[in-house]
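Visitor: From just these sequences and the hints, can you work out the full model?
Remember, the numbering used here sits 1358 above the position in the sequence shown when you count from 1.
These are computed hints drawn from the structure, not numbers from a lab.
Watch out, some of these pointers could steer you wrong.
[Said to hold, decoys possible] List time: in silico EDC-like cross-link candidates among lysine to aspartate or glutamate, alpha-carbon distance up to 16 Å: (1) Lys1441 x Asp1499; (2) Lys1365 x Asp1408; (3) Lys1441 x Glu1505.
[Said to hold, decoys possible] Using C-beta positions, here's what the derived DEER-type ranges look like: (4) Glu1531 x Ala1624: 52 to 60 Å; (5) Gly1422 x Gln1468: 37 to 45 Å; (6) His1473 x Gly1526: 34 to 42 Å; (7) Ala1616 x Leu1524: 44 to 52 Å; (8) Asp1592 x Gly1422: 56 to 64 Å; (9) Ala1405 x Ala1380: 27 to 35 Å; (10) Ala1518 x Arg1606: 31 to 39 Å; (11) Ala1620 x Gly1502: 25 to 33 Å; (12) Gly1422 x Gly1490: 49 to 57 Å; (13) Arg1605 x Ala1405: 30 to 38 Å.
Since this is a predicted model, take the numbers as computed values, not measurements.
Backbone N, C-alpha and C define an ideal beta-carbon position, used for all residues, glycine too.
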Amino acid sequence: MRSRQPKQLLLAFFGEHVVDGATGPIRASVLIGVLEGAGVAAPATRATLDRLVHSGILARARSGRETLFSLTEHGAAVLREAKDRVRGPRPFDPQGSGWTLVTFTIPEGQRMLRHRLRSTLTWEGFAPLRDGLWLAPGEVDLAGSLEPLRQDLPPHSVVAFHARELDGFPIGESVRAAWDIEAIRRQHLAFIEVWDDPAATTMAPGALTVRTMLVADWLALLRADPRLPAEFMDAQWPATRSAETYRRTHEKLAEASAAEFADLVAAPGGVRRRSGPAARPSAPSPTRSAATRPR
1359 MRSRQPKQLL LAFFGEHVVD GATGPIRASV LIGVLEGAGV AAPATRATLD RLVHSGILAR
1419 ARSGRETLFS LTEHGAAVLR EAKDRVRGPR PFDPQGSGWT LVTFTIPEGQ RMLRHRLRST
1479 LTWEGFAPLR DGLWLAPGEV DLAGSLEPLR QDLPPHSVVA FHARELDGFP IGESVRAAWD
1539 IEAIRRQHLA FIEVWDDPAA TTMAPGALTV RTMLVADWLA LLRADPRLPA EFMDAQWPAT
1599 RSAETYRRTH EKLAEASAAE FADLVAAPGG VRRRSGPAAR PSAPSPTRSA ATRPR
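Guide: The following block contains the structure:
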């Protein structure tokens, strides 16, 4: 699993606390404080906020001496699209049977759009198979997944099919070439190692930061696991343990982190009230026992 990046933490924060609420814009001082508890320095948070504004995820405004950030329509659509899997009861099960195939053509001058499309496909479990052909297990709701990009995609730029394996043409080797299954296992085990520890809920000064770190790690794990069919796994596949660990820890943090968030958005200076004991100056990450694979 990748180390926690400021972008992951900010998207986790907005996805957990902002996208479904009516909190209004969030002060930069609040965001900086939450990420500082996760070991991210203020300049890195500010630079990441700038990039999220530039990419159209966040909008920036001024109120006196405060800088405020809010989700754009595009940003809210991206987070809502991810919500079903983030909060779903069986996030690692395939979506139906068979395989979904996608190929696309994006003009060279639209590299940012190409990056957004590839990122969306990766989130939905796709991996490049060969010659511009992407493969995902199950019946992916591609129309819903691509809705936040719909107005930017050129007409007929994406072609998709649903297919099944034919007798005499086993897909197993292609699947193992597209996804490093053992690396995915290590991602799960790394997540469990960090968050199954009873001390995990006190790894940062406040429950709000810890919950943000938990959700950031969960998003990274969901992105890494494409929901392959069970026949490609063994009896010790750890996905169920990962899901149980996430839900248990999330529930444990929910009340204190929600109260802390309410205090922060109401407090004029963004002064945070600690909801847990002070912790180590830098937060542990699942990277300590996982090998990453470029996605």
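Visitor: All hints, please: hold or fail.
Guide: Hint by hint, here is what the structure shows:
Between Lys1441 and Asp1499 the alpha-carbon distance is near 14 Å, which keeps this suggested pair within the 16 Å criterion. Between the alpha carbons of Lys1365 and Asp1408 the distance comes to roughly 11 Å, so the proposed pair stays at or under 16 Å and holds. The straight-line distance between the Cα atoms of Lys1441 and Glu1505 is roughly 14 Å, inside the 16 Å bound, and the hint therefore holds. Evaluation of the 52 to 60 Å hint for Glu1531 and Ala1624 yields a pass: the beta carbon distance comes to about 57 Å.
Gly1422 and Gln1468 have their C-beta atoms about 38 Å apart, which keeps the hinted 37 to 45 Å range intact. For His1473 and Gly1526, the Cβ-Cβ distance of about 38 Å falls inside the hinted range of 34 to 42 Å, so the restraint holds. Roughly 51 Å separates the CB atoms of Ala1616 and Leu1524, a value that falls within the hinted 44 to 52 Å. Under the hint 56 to 64 Å, the C-beta atoms of Asp1592 and Gly1422, about 59 Å apart, fit the expected range.
Hint check: Ala1405 to Ala1380, Cβ distance near 29 Å, so the stated range 27 to 35 Å holds. Hint check: Ala1518 to Arg1606, Cβ distance near 37 Å, so the stated range 31 to 39 Å holds. Evaluation of the 25 to 33 Å hint for Ala1620 and Gly1502 yields a pass: the beta carbon distance comes to about 32 Å. Hint check: Gly1422 to Gly1490, Cβ distance near 51 Å, so the stated range 49 to 57 Å holds.
Between Arg1605 and Ala1405, the C-beta spacing of about 33 Å keeps the proposed range 30 to 38 Å intact.
In terms of the numbered hints stated before, the structure departs from none.
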